[in-house]
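Top line first, the protein sequences correspond to chains E and P.
By the count of the working numbering, the first sequence reaches residue 175 at its end, each step adding exactly one.
By the count of the working numbering, the second sequence reaches residue 118 at its end, each step adding exactly one.
Derived by calculation from the structure, the hints in this document are not laboratory data.
Please read all numbers here as calculations on a predicted model, not as lab measurements.
Each hint should be verified, as a subset may be incorrect.
Distance windows between CB atoms, simulated [said to hold, decoys possible]:
id: 1; chain 1: P; residue 1: Gly45; chain 2: E; residue 2: Thr128; range: 22 to 28 Å
id: 2; chain 1: E; residue 1: Gly77; chain 2: P; residue 2: Ile16; range: 36 to 42 Å
id: 3; chain 1: P; residue 1: Leu18; chain 2: E; residue 2: Lys120; range: 42 to 48 Å
Glycine included, every Cβ here is placed at the ideal spot set by N, Cα and C.
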Amino acid sequence: EADIYQTPRYLVIGTGKKITLECSQTMGHDKMYWYQQDPGMELHLIHYSYGVNSTEKGDLSSESTVSRIRTEHFPLTLESARPSHTSQYLCASRKGHMGEAFFGQGTRLTVV
Amino acid sequence: KNQVEQSPQSLIILEGKNCTLQCNYTVSPFSNLRWYKQDTGRGPVSLTIMTFSENTKSNGRYTATLDADTKQSSLHITASQLSDSASYICVVSPGSSNTGKLIFGQGTTLQVKP
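Looking at chain E on its own, in the form it has when it is part of the complex:
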C-alpha cells in the first residue's frame, strides 16, 4: 500500500478562484512529480522536484506553481483557475532514479 495522499479527491470551483492541490508522502522519497491527465489520455509531466527547495517545470507547460519546503509535501497551486484547467492531477513520488514511482489517487478538478 503506497503512502502517498492527495486531497481533495474531487473539486468543483468557479473561474478565477485560487486553489491548492495537496500531495503528501510518508515514505521519505526525495523525488516528487505532478502529472496532468485528461480522460482516456496519457499522463503529462507538469512539475517535478528532486529534493527540498528544488522544483522544475515539466514537459507540458502549465500555469500552476509548486513548492517543496518539506520532503513529504509537494503542493500545487493555481492562482486563477480557468475552465481549461479542468483535468485530473496525479502526484507521484519515488526514491532515487531507480525506485518504483508511487502514485496518489488523483484530484479530479472541474472549473466552471
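Go by the hints and put chain P onto chain E.
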C-alpha cells in the same frame, strides 16, 4: 515521435481469454521498464519492473518480457478477469537522468467482457 510507443491503443477481449500488450521504446541509455495498471479515475499501480538484464518476470497472471536488444517489451495477461479492465501503461526510466524523470507510453485500454 514518442520515445515509448504502445500497441494496440485499445483492446476488447472475452473473460477467460489471454492477451498480449506491446511496448516499443527508443530511450537510451535505459535503466528499467515498468508496467503500470491504471483503473478508471485512480492513480497507476506498478505491476512489474524489468531491468536490462532481465528477460521475463511474472506477477500472478501478468507476465512481462523484455528484449533490450530490440528495445521491446510485452505484457501478457493470462485467463483474463473482468477486474483486468483498465489502462496499462509502459514506463521507462532513462539511465542517465539524475532527476528521475520517467518516460510514459500513451497506454493500452483493455476491456474484458463477460
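Inset, instruction - Kindly indicate which numbered hints from before are broken by the structure, ordering the numbers from low to high. - result: none
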